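Those sequence lines, one after another, are chains D and H.
The first sequence: position 237 = 1154 (our numbering), numbered continuously.
The second sequence: position 31 = 948 (our numbering), numbered continuously.
Don't read these hints as lab results, they were simulated from the structure.
Computed from a prediction, not measured in an experiment: that's the story for all the values here.
Do not take every clue at face value.
The list makes no distinction among identical chains, and a pair is therefore deemed to hold if it is satisfied within one copy or across any two copies.
[To be verified] Calculated cross-link-like contacts (lysine to any residue; reagent style SDA-like; alpha-carbon spacing at most 20 Å):
#1 Lys979 with Arg1213
#2 Lys1181 with His993
#3 Lys1199 with Ala999
#4 Lys1199 with Asn987
#5 Lys1199 with Glu1077
#6 Lys1240 with Leu1266
#7 Lys1199 with Met1127
#8 Lys1199 with Val994
#9 Lys1199 with Arg1174
#10 Lys1181 with Phe925
#11 Lys1116 with Asp1007
#12 Lys1112 with Arg1017
#13 Lys1116 with Val995
#14 Lys979 with Ala1245
#15 Lys1116 with Glu1269
#16 Lys1116 with Ala1138
#17 Lys1240 with Ala983
#18 Lys1199 with Ile1243
#19 Lys1199 with His993
#20 Lys1199 with Glu997
#21 Lys1240 with Asp1007
#22 Lys1181 with Ser1221
#23 Lys1112 with Arg1272
Number of protein chains: 2
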Amino acid sequence: MTKPDKQFVRAEVSELARFIASALERAGLPAPDAGTVGGLMAEADLQGSDGHGVIRLPQYVKRIRAGGINVRPDIHVVSEHAAMAVLDGDNGMGHLVVSRAVDLAVEKARACGIGWVSTRASNHAGPASLYVRKVLRHDMLGLYFAVGNANHLPPWGGLEMLLSTNPIAVAVPAGTEPPIVLDMATTVAAYGKVKALAKRGQMMPEGWMMDREGQPLLDPARAGEGFLLPIGGYKGYGLALVTGLLAGTLGGGAMGRDVVDFNKDHVTPTNTGQAILALDLKVFRDPAAFKTDVDRLVRDIRGSQRLPGVEHIRLPGEQSNAKREIYAEAGIPIAAALALELDALAAELGIEPLRSMSPAGTGA
Amino acid sequence: MTKPDKQFVRAEVSELARFIASALERAGLPAPDAGTVGGLMAEADLQGSDGHGVIRLPQYVKRIRAGGINVRPDIHVVSEHAAMAVLDGDNGMGHLVVSRAVDLAVEKARACGIGWVSTRASNHAGPASLYVRKVLRHDMLGLYFAVGNANHLPPWGGLEMLLSTNPIAVAVPAGTEPPIVLDMATTVAAYGKVKALAKRGQMMPEGWMMDREGQPLLDPARAGEGFLLPIGGYKGYGLALVTGLLAGTLGGGAMGRDVVDFNKDHVTPTNTGQAILALDLKVFRDPAAFKTDVDRLVRDIRGSQRLPGVEHIRLPGEQSNAKREIYAEAGIPIAAALALELDALAAELGIEPLRSMSPAGTGA
């Protein structure tokens, strides 16, 4: 499907979801589960979270084929109270486990005002924002904490990478304005972004990573020789640590030295932990009044005085909201190198390759 | 009590609490409430949160006397569900309102596994960590979000200070190790720290504040001419924003342009919002197993390989834990300039001045 002289090709979101689902099904997932995961992975690319979308497919397929994922998991509650539950993912695909956790947290929130679900024996589930956006659809606020699937962050002042980028996401509904969706790694850059730059052959800005001698590391191909830096120094380290305790340790998931580097190890169960909190807006305040307040705040921020040289003041989630609209129409850009890799994967699995969009003039 | 040639004097924590309570009672608070607030403010100084302890007393007294605080508030629940409540503080002292919120959140967590309480019509309540430490005493994990009481932070790329430092605190119980207590402003520095440096006549490090031309601002006496900087650039801005939405807007508290600068305005009710979340450890996992995991993680981090020149790797809360022990014995250091101010306040209110400790050789 690719032309090597092009930097990227474009694929329709439905075609991307079809392709991913078809690869996962061929690798062993039941069709409905493959469809769910494919939909969420394509949604990640749709909103520009390109470190967590189809780029992960070869790695997921490798892990599934190596037996590192349970393709027929018994996802079940291991402990429960009125407003909370701990969900054992039975080493199933993280997208399936966290989707179930979201449904359960929403159900709990409907019954008690708020609901918290912790996962254990889960796996990498893609961008945090996908799951708080799911909560949003029920007119609830969502918070999400996760333990990353490889340790890239040492404690502040240290050299041993005992922590992951442990992301935090928060979604807040608005009225006529788009929702506010924060999705951030507790490191300056997420490791997925490093991998995406490596795929594109681009350098990292200074401040993303440091090598073991404390020197800036700029080449993403050398990422294995260094570590990510936390936001705000010791604060980001603290945030990564407590996020990991809430998402991992609290529910019985891996944390610290127990975290499996799923980029290198395709077999050992990761015992990933995530946590989702849903807050049912209507039990706090009149939802219309709340949304009017959020809309006003969004407009106050967007219209406020800017520093010289700044063209726009953005709200968290604004760029992913915009990409969702643009890519839905124009197609999702897939880097040429990645597209070649996907073609090879398709050939290997014996599935129909990813079709790029003809109108963009980049298709086959 | 002060000797101007000394940089600071030392006071016993119980004497500091006595002095604060006595001043607040004279200003109009009922004795039990004055005692509660005095205890919490002295506890702030005890753990080294010197931007939020007795340094705030003159300002609080000024606000109470100006009618900006309701000294006989009817703190009451305005909406409630099994696992959550919104608490109206009726413009009472924030310490009282948040203490009540913590008790209620713990009660809800006992009944439902987790409990969330939002406050509105509350006020400045001192350091966030005090309240998550309260949750900790019930063998629960605590999360706290607050809207700061003055806007010092513009949105990323902006000049208008629409956001406050909006702190986040998280407390996690350990076994034989001290608990992990993160308490962080979403700005590089909290405004209380700026005020503390100003009192001590010291300069700020670069990166704490910026002036309206985008230049570094180092003199804390000129703090009014600039704004605080968020951790991790746009990430800290996003974190401050969603923290404010969760702590303020969700419960009906002030946010954005509605935030009253309580350093300048001593009369207008601040309508401060805070939120506390308690998670009952025992419904998630066996508490002993959880604490063993936390202890092991703490030791792994503390004993891990250090960058050249680094003597200790610290855990969040380690320094405040240490200060609690040291100051409990040696007394709490009070800057000489502040001690003079407190002497003047004592004279003005007609209360017994703060007695410093004789053994330290700095007392009267």
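Against the structure, the hints come out as follows:
| no. | hint | result |
| --- | --- | --- |
| 1 | Lys979 with Arg1213 | neither (48 Å within a copy, 32 Å between copies) |
| 2 | Lys1181 with His993 | neither (28 Å within a copy, 55 Å between copies) |
| 3 | Lys1199 with Ala999 | both (19 Å within a copy, 14 Å between copies) |
| 4 | Lys1199 with Asn987 | neither (38 Å within a copy, 29 Å between copies) |
| 5 | Lys1199 with Glu1077 | neither (45 Å within a copy, 31 Å between copies) |
| 6 | Lys1240 with Leu1266 | neither (30 Å within a copy, 61 Å between copies) |
| 7 | Lys1199 with Met1127 | neither (46 Å within a copy, 40 Å between copies) |
| 8 | Lys1199 with Val994 | between (27 Å within a copy, 15 Å between copies) |
| 9 | Lys1199 with Arg1174 | neither (41 Å within a copy, 24 Å between copies) |
| 10 | Lys1181 with Phe925 | neither (27 Å within a copy, 55 Å between copies) |
| 11 | Lys1116 with Asp1007 | neither (32 Å within a copy, 57 Å between copies) |
| 12 | Lys1112 with Arg1017 | neither (28 Å within a copy, 48 Å between copies) |
| 13 | Lys1116 with Val995 | neither (40 Å within a copy, 54 Å between copies) |
| 14 | Lys979 with Ala1245 | neither (29 Å within a copy, 57 Å between copies) |
| 15 | Lys1116 with Glu1269 | neither (23 Å within a copy, 70 Å between copies) |
| 16 | Lys1116 with Ala1138 | within (9 Å within a copy, 49 Å between copies) |
| 17 | Lys1240 with Ala983 | neither (35 Å within a copy, 51 Å between copies) |
| 18 | Lys1199 with Ile1243 | neither (32 Å within a copy, 47 Å between copies) |
| 19 | Lys1199 with His993 | between (29 Å within a copy, 19 Å between copies) |
| 20 | Lys1199 with Glu997 | between (24 Å within a copy, 11 Å between copies) |
| 21 | Lys1240 with Asp1007 | neither (34 Å within a copy, 44 Å between copies) |
| 22 | Lys1181 with Ser1221 | neither (46 Å within a copy, 22 Å between copies) |
| 23 | Lys1112 with Arg1272 | neither (24 Å within a copy, 61 Å between copies) |
Going down the numbered hints, you'll see the structure goes against 1, 2, 4, 5, 6, 7, 9, 10, 11, 12, 13, 14, 15, 17, 18, 21, 22 and 23, while the others check out.
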